[in-house]
Amino acid sequence: MTRWRCPECGYRYDEIAGDLHEGFAPGMKLCGLPTDWTCPDCGIIPAREFVPDADGRNPEADKR
Amino acid sequence: MSTAAALPWKDRKRYLWIISAVLPALPLLSLALWSMTRNDLSLWLTLLVVYGVIPVLDLVLGEDRSNPPEEAVPALEADPWYRWLVYAAVPLVYLTVIVGTVFAMTAELGLLGYLGLALSVGWIGGAGINIGHELGHKKGLFDRTMARLSLAASGYGHFQIEHVRGHHRDVATPEDSASSRLGESYYRFITREIPGGFSRAWRLESERLARQGKGPWTPGNEILQPALVTVLLYGGLTLWLGWQALPFLLLQAAFAYTLLSAANYVEHYGLLRDKVGEGRYERPQPRHSWNSNHIVSNLVLYQLERHSDHHAHPTRSYQALRHFEDAPQLPTGYFGMFLVALFPPLWRRVMDPRVLAHARGDLSRINIDPASADRYQNGHRPVAA
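Note that the protein sequences, when read in sequence, are chains A and B. All letters in the first sequence, in the order written, are residues 1 to 64 by the numbering used here. All letters in the second sequence, in the order written, are residues 1 to 385 by the numbering used here.
It should be emphasised that the hints constitute simulated quantities derived from the structure, not laboratory data. Yeah, the Cβ is synthetic: ideal placement off N, Cα and C, and Gly gets one too. Please note that the accuracy of each hint is not assured.
To be verified - Here are the computed distance ranges between Cβ atoms for each label pair:
(1) A:G10 - B:Y15: 24 to 32 Å
(2) A:G10 - B:D79: 39 to 47 Å
(3) B:Y15 - A:H21: 32 to 40 Å
(4) B:D326 - A:G10: 40 to 48 Å
(5) B:G236 - A:I16: 39 to 47 Å
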């Protein structure tokens, strides 16, 4: 599983791409994000409460 | 009645939201009045509306607890009309700040008129923070840029980070500088909230930039970006109109700050989220924000007062916010509550019994001001519930 979603607002975190604005380099695992970090869009959901993205099967990721 | 139920739902407030969008022009109306009458009292029109007319209308017209049906919400959220009504207010905020300052510097105003104008412009700075609040919760770059512009008019550009990443994360906990505590007066809250907001925003933004491998003093700092807009706006007006413009601008901005503090003060007074583990709190629920369904003040504030739904679902747009039966309810709208907050004994008389009732008398489920804890823990009940 590499793609995760905020269950409140739908923000997506893809471990392969990371999130450069948030300062997470490509390849950064969800479990490696800071414990006090919350979803950048709604602000209320910590990373540990993110859910697997429903259509999160990234074909590029499967090839690797 | 069954035929009525079969009709598609229509938003009866669709065009009434124009009221929120034109509010920032209210001081311009008072300037037009002054030009006709040369009476300084006309510059108090905005204050008369927000502290007189709107609180009275809230009491007279009361509440609207109706919600849009859930099946109508996706279309309601997607309708660009509602977004444009918020964008349209941003240039009006700037127009009012600029025209108001020019007027204060060039018209022959007495102290009464000068003060009325400064407070009126400050109110619109406060409205600009409300506009920035609505837009700052949206995901698009345009919305977030407009949000920062709207906040920059009153020098409050750090609010976007402070609010979304700080306040929403920590709301209704002792850790939150923007959640007022039982027993804490509005005046004491201001001295905790304003510096607390600046420092939390700076810390959060510094952490983000540090993860990017940068220090805080970089053009990518999203607190410094809107601060630069404020410096250009206030600096430009001061260069143009003379140094006397600066005290006017600082006075109205300071008043705008206290208005945001007033909103934060009434929104979560005494409310506390349960701990669900070491240093962790339950997710924000409607019961963690005071709600108000008062019709008129909501129409002026893009439904900010439906605050319980806002904190439970922060990215929901203003036009789609709902009333929840289990949310604690304010006795009147924000404008009336702002007036009550100015008199701490009255505030405690009105609000403390409501906080205690909401917590079913369990002090461990209330966010209590440590300095006032004794008063409540010694069995003293401010006013019988």
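Status of the hints after comparison with the structure:
1. A beta carbon spacing of about 30 Å between G10 (chain A) and Y15 (chain B) agrees with the range 24 to 32 Å that was offered as a hint.
2. Take G10 (chain A) and D79 (chain B): their Cβ atoms lie about 19 Å apart, and the range 39 to 47 Å is violated.
3. Against the hinted window of 32 to 40 Å, the Cβ-Cβ separation of Y15 (chain B) and H21 (chain A) comes to about 37 Å, which satisfies the hint.
4. At roughly 25 Å, the beta carbons of D326 (chain B) and G10 (chain A) sit outside the given window of 40 to 48 Å.
5. For the hinted restraint 39 to 47 Å between G236 (chain B) and I16 (chain A), the CB-CB distance of approximately 46 Å keeps it satisfied.
In this structure, the hints that do not hold are numbers 2, 4, in rising order.
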